[in-house]
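The listed protein sequences correspond, in order, to chains X and L.
Residues in the first sequence are numbered from 1 upward in steps of one, following the working numbering.
Residues in the second sequence are numbered from 218 upward in steps of one, following the working numbering.
Bear in mind the hints are in silico, worked out from the structure with no lab data behind them.
Watch out, some of these pointers could steer you wrong.
[What the hints assert, rightly or not] Over the 12 Å line for every Cβ pair with chain L, so calculated as not near, a few chain X residues: (1) LEU17; (2) LYS130; (3) TYR135; (4) HIS136.
[Said to hold, decoys possible] Distance condition first, Cα-Cα at most 25 Å in a straight line; then the derived SDA-like pairs of lysine to any residue: (5) LYS243(L) <-> PHE228(L); (6) LYS353(L) <-> LYS323(L); (7) LYS289(L) <-> ARG144(X); (8) LYS323(L) <-> GLN132(X); (9) LYS295(L) <-> VAL32(X); (10) LYS50(X) <-> THR269(L); (11) LYS130(X) <-> SER253(L); (12) LYS353(L) <-> ARG144(X); (13) LYS130(X) <-> ILE321(L); (14) LYS295(L) <-> ILE134(X); (15) LYS214(X) <-> LEU347(L); (16) LYS291(L) <-> ILE134(X); (17) LYS327(L) <-> LYS50(X); (18) LYS353(L) <-> GLU47(X); (19) LYS214(X) <-> VAL349(L); (20) LYS371(L) <-> GLY435(L); (21) LYS346(L) <-> LYS289(L); (22) LYS335(L) <-> ALA145(X); (23) LYS327(L) <-> GLU47(X); (24) LYS291(L) <-> SER118(X); (25) LYS335(L) <-> LYS50(X); (26) LYS327(L) <-> PRO140(X); (27) LYS130(X) <-> LYS346(L); (28) LYS335(L) <-> GLU212(X); (29) LYS50(X) <-> MET309(L); (30) LYS159(X) <-> GLU47(X); (31) LYS324(L) <-> LYS353(L); (32) LYS327(L) <-> LYS159(X); (33) LYS353(L) <-> GLU212(X); (34) LYS324(L) <-> GLU212(X); (35) LYS353(L) <-> GLY390(L); (36) LYS346(L) <-> VAL32(X); (37) LYS295(L) <-> TRP131(X); (38) LYS371(L) <-> LEU37(X); (39) LYS346(L) <-> VAL166(X); (40) LYS353(L) <-> LYS159(X).
Glycine is no exception: its CB is placed at the ideal position from the N, C-alpha and C atoms.
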Amino acid sequence: MNSLFTPLSWSDSGLILTGVWNTVIISVVAIVVGTILGLIVGFARSESNKVVNAVFGSLLDVLRSVPLIIQLILFSTFMGAAGSPLAPFVAGSIVLSLYTMAFMAEVFRGGFESVSPSMQTAARSLGMTKWQTIYHIRLPIGLRAVFPSWLGVSLSVIKDSALVSVIGYMELLRTSEQLISRTQQPLEILIGVGIFYFIISYPLSYYGRYVERKMAI
Amino acid sequence: MISVQNVHKSFGDLEVLKGVSLDVQKGEVVSVIGGSGSGKSTLLYCINAIETINSGKILVDDVDVHAKSTNKDKLRQKLGMVFQQWNSFPHMTVLENAALAPRIVKKMSKEEAMEIAKKELEHVGLGDKLDVYPTKMSGGQQQRLAIARALAMKPDYMLLDEVTSALDPELVGEVLDTLRLLAEEGMTMICVTHEMGFARDVSDRVAYFHQGVIAEIGEARQVITDPQNPLTQKFLSKVR
Ligand SMILES: Nc1ncnc2c1ncn2[C@@H]1O[C@H](COP(=O)(O)OP(=O)(O)OP(=O)(O)O)[C@@H](O)[C@H]1O
Ligand SMILES: [Mg+2]
Numbered sequence: 001m002n003s004l005f006t007p008l009s010w011s012d013s014g015l016i017l018t019g020v021w022n023t024v025i026i027s028v029v030a031i032v033v034g035t036i037l038g039l040i041v042g043f044a045r046s047e048s049n050k051v052v053n054a055v056f057g058s059l060l061d062v063l064r065s066v067p068l069i070i071q072l073i074l075f076s077t078f079m080g081a082a083g084s085p086l087a088p089f090v091a092g093s094i095v096l097s098l099y100t101m102a103f104m105a106e107v108f109r110g111g112f113e114s115v116s117p118s119m120q121t122a123a124r125s126l127g128m129t130k131w132q133t134i135y136h137i138r139l140p141i142g143l144r145a146v147f148p149s150w151l152g153v154s155l156s157v158i159k160d161s162a163l164v165s166v167i168g169y170m171e172l173l174r175t176s177e178q179l180i181s182r183t184q185q186p187l188e189i190l191i192g193v194g195i196f197y198f199i200i201s202y203p204l205s206y207y208g209r210y211v212e213r214k215m216a217i
Numbered sequence: 218m219i220s221v222q223n224v225h226k227s228f229g230d231l232e233v234l235k236g237v238s239l240d241v242q243k244g245e246v247v248s249v250i251g252g253s254g255s256g257k258s259t260l261l262y263c264i265n266a267i268e269t270i271n272s273g274k275i276l277v278d279d280v281d282v283h284a285k286s287t288n289k290d291k292l293r294q295k296l297g298m299v300f301q302q303w304n305s306f307p308h309m310t311v312l313e314n315a316a317l318a319p320r321i322v323k324k325m326s327k328e329e330a331m332e333i334a335k336k337e338l339e340h341v342g343l344g345d346k347l348d349v350y351p352t353k354m355s356g357g358q359q360q361r362l363a364i365a366r367a368l369a370m371k372p373d374y375m376l377l378d379e380v381t382s383a384l385d386p387e388l389v390g391e392v393l394d395t396l397r398l399l400a401e402e403g404m405t406m407i408c409v410t411h412e413m414g415f416a417r418d419v420s421d422r423v424a425y426f427h428q429g430v431i432a433e434i435g436e437a438r439q440v441i442t443d444p445q446n447p448l449t450q451k452f453l454s455k456v457r
């Protein structure tokens, strides 16, 4: 019997695993790059004056308030129109990383600002230099304070990475959409994909809880 | 010797120190008393170069604290400071708190720094708390940690800013006892305090601050029990 649709089979697992892998890889890139940039920008923001902050702050506000899907489409369209089209992975990584950075920067800024000036004065009074105080006091205390928020941002990046499918990146959601249109088995596939997202996120939240327990001194 | 010479200090339009002079000899304990906002903390901050001054001079062992050429970080190693808030480093154990500055500022080996830190912690009666995190301790214990942390840098002087003011009344005694011990051992100290009994019994001299000037200074017992300046008399009658 010939049908327009072919049911889900084991031969689809390669496609699914590619989707899983692509979701993992773009999430890791965005979390790592976003964390590093966010640390730098967040620190600069906690240090700098009102003028710098106003300019920087509104830039971050734009990144955080324009929906990711719009940023993705605009950026990849723009690059294409400018004559240097980027591969979906590259364009997606750039946009998702910057988007992540915008959230991380505010998280880290809050952490650094939570370390009281008197704590830093106490450190300086022991003869510690400005940079020693930053490295040994402000950084570790600030990072601990915001670890749960960092974890929250990271977990949502994994979910947000699904949006990169709109510019043609073959991550988990897009592979599942392809399978659905071929098999017409949306229920099974969406449940399966949901489970995969959970499996991807779980190590991070498990590790996060472990770290939080270790830090809860 | 710490020599404060006609120091003026303003925050914007507000002149907080209006010509303060004070010499503290090696081995001497001077208590500074006075009303809220009279500039007591500011004086300590200026001595430690945490705050700048507008005019006058402060010498610590003949080094001009506020000269451009003075290495402030180096200078602060000589001047231990303890604040009203104990400011324990919450991410480190008690031992690590006290060993941090010797290790990173004085570049001691880890073992050497730990050794000194341990000795100072035993000194203030925290020998059984080395591996505890400070947030698990009482305010009095944390304040003694702050004292040990400062002592571990082997300072020549200690500047103490109302170190018992934020403590529950029942915890004040243990911290004052620690300071009394330091005084007996000959540590040079400037103590800003509201504890008149401590000022009278432990210090050599007492200075009464009033609106940015030292209104009266003299032998401790005399200033507390028989003040000469009517302002001092008024202040003491209120705090008693
Ligand atoms: N960084 C600052 N900026 C502006 N004003 C300040 C600053 N630090 C202190 N002041 C002001 O200087 C004055 C003296 O403050 P200081 O803390 O030296 O007083 P104090 O004698 O220690 O009082 P208290 O007993 O309340 O601690 C106060 O009016 C205070 O508001
Ligand atoms: Mg004060």
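- Task: Find the hints from earlier in the document that the structure breaks and name them by number, from lowest to highest.
- Result: 2, 3, 4, 5, 6, 7, 9, 11, 17, 18, 20, 21, 22, 23, 25, 27, 28, 29, 30, 31, 32, 34, 36, 38, 39 and 40
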